[in-house]
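K.L.:
Counting with my numbering, you get residues 76 to 157 for the letters of the sequence shown.
Everything labelled a hint here was simulated from the structure, so no lab data went into it. Computed from a predicted structure; not experimentally measured. Heads up, some of the hints might be wrong.
Said to hold, decoys possible - Just the calculated beta-carbon pair ranges, DEER-fashion:
#1 Thr92 x Leu140: 35 to 45 Å
#2 Phe90 x His123: 26 to 36 Å
#3 Glu115 x Phe90: 34 to 44 Å
#4 Thr92 x Asn120: 18 to 28 Å
#5 Leu148 x Asn118: 15 to 25 Å
Glycine residues also receive a C-beta, built at the ideal position from the N, C-alpha and C atoms.
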Amino acid sequence: MPDYVSPNQLALEGFETPFEQSLNPKNQWVTLANIIPWDEICNLNIKHVGMSDTGRPPINPRVVLGSVITKHLCNLDDKGNR
């Protein structure tokens with residue numbers, strides 16, 4: 076099973092990382108991340124990717140899908156060129 080943690084999971088107050096403490100809520104990427112239905116998209120991804128007992132463990136679907144979204148929004152090719 077991919078290592079996916081729902082962004083809707085309850086948080087424990089006082090146990091934030093430095094990144095969680097200082098992210099600007101007006102940042103375009105933070106705003107985008109807050110409007111994407113991650114649970115639904117990641118569940119679809121997990122359903123279609125499938126699981127195997129061999130090979131490399133799967134990457135968190137939010138990382139994979141977030142990378143693809145970022146690539147397209149920044150108009151980058153697979154090598155990172157515009």
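K.L.:
The structure should be examined with respect to each hint, and the outcome stated for every one.
P.N.:
Hint check:
no. : hint                        : in the structure
1   : Thr92 x Leu140: 35 to 45 Å  : 21 Å, violated
2   : Phe90 x His123: 26 to 36 Å  : 33 Å, holds
3   : Glu115 x Phe90: 34 to 44 Å  : 27 Å, violated
4   : Thr92 x Asn120: 18 to 28 Å  : 25 Å, holds
5   : Leu148 x Asn118: 15 to 25 Å : 23 Å, holds
Checked against the numbered hints given earlier, the structure breaks hints 1, 3 and satisfies all the rest.
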